[in-house]
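Trainee: Here's the letter readout for the chains.
Number of protein chains: 2
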Amino acid sequence: MAVVVGYVPTAEGRAALRHAAKECRLRNTTLVVINSNRGGRELNGSEAARYEEELASVRAELDAVGISNEVRQLVRGQEPAEDLIAVAEEVKADFIVIGLRRRSPVGKLILGSNAQRILLDAPCPVMAVKADEE
Amino acid sequence: MAVVVGYVPTAEGRAALRHAAKECRLRNTTLVVINSNRGGRELNGSEAARYEEELASVRAELDAVGISNEVRQLVRGQEPAEDLIAVAEEVKADFIVIGLRRRSPVGKLILGSNAQRILLDAPCPVMAVKADEE
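In order, the protein sequences belong to chains A and B. Okay, so the first sequence: first residue is 106 according to the working numbering, each after it adds one. Okay, so the second sequence: first residue is 106 according to the working numbering, each after it adds one.
So here's chain A without its partners, still in its complex pose:
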């Protein structure tokens, strides 16, 4: 059993990671951090290097606070929803944590297609966290 979190280096990605880490501490379970990129033209060399650095620092922080973790960078040409769902099935996740952007004050923001797909298709419950929540 484990908690799976979708991580991107944005405010909502970091909020999801912090929240997931707290849940793992409470449950004494492993945190599986997934950074999913489609690869190809969307990911150039310097971006890939920056992501790797970010993920190394995530791993170091989790190690430092004693949270059992596994950090995976997936570049398999899949949508993040597909990658997260596949990993959640593989590790028999207790739940998935995802970050959501808050509705903007000037307009209606509907849920992105990846978030909707994870919420509806994941094999387990999904915890959605907004950028200013931990």
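Keep in mind the hints are simulated off the structure, nothing from the lab. In this text the structure is predicted, and so the values were computed from the model without any measurement. It is possible that some hints are incorrect.
Since the list can't tell identical chains apart, any single copy or any two copies may satisfy a pair.
For lysine to any residue, the following SDA-like pairs were computed, each having C-alpha atoms within a straight-line distance of at most 20 Å [to be verified]:
no.: 1; residue 1: Lys-197; residue 2: Met-106
no.: 2; residue 1: Lys-127; residue 2: Met-106
no.: 3; residue 1: Lys-127; residue 2: Asn-142
no.: 4; residue 1: Lys-127; residue 2: Ala-236
no.: 5; residue 1: Lys-197; residue 2: Asp-226
no.: 6; residue 1: Lys-127; residue 2: Cys-229
no.: 7; residue 1: Lys-127; residue 2: Ala-116
no.: 8; residue 1: Lys-197; residue 2: Glu-128
no.: 9; residue 1: Lys-127; residue 2: Glu-158
no.: 10; residue 1: Lys-197; residue 2: Ala-120
Chain A is fixed; fit chain B onto it per the hints.
Mentor: Same frame as chain A, but now just chain B:
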């Protein structure tokens, strides 16, 4: 602090309730069960009586397993999303649990407007549970 769950007597409502109860046991916190009806023509007398019976049995079950609880039936002419968000603010909820219908095998089911609104506007994280998950 508390966990707030939106309860309706359906498969997904019951899954949300069971999941929320497990989380309260883990956290040793109070479960606030909200059944929200707009009232008016949507709720006739016999339906209202059936809801009251359902909620009394929910309360009895939670009492029996020793989970501190508060069951509220709200008929204030508001959408369920508004009621749940207001209660989550009032009790400073750790998170809200909602039930989701699974995507049907024959067609694409998008998230309902109440679910989207709770996910995006709640003052706290939201845990979404599907009907066959606990």
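Trainee: Under the constraints set out in the numbered hints, which ones does this structure not fulfil?
Mentor: 3, 9
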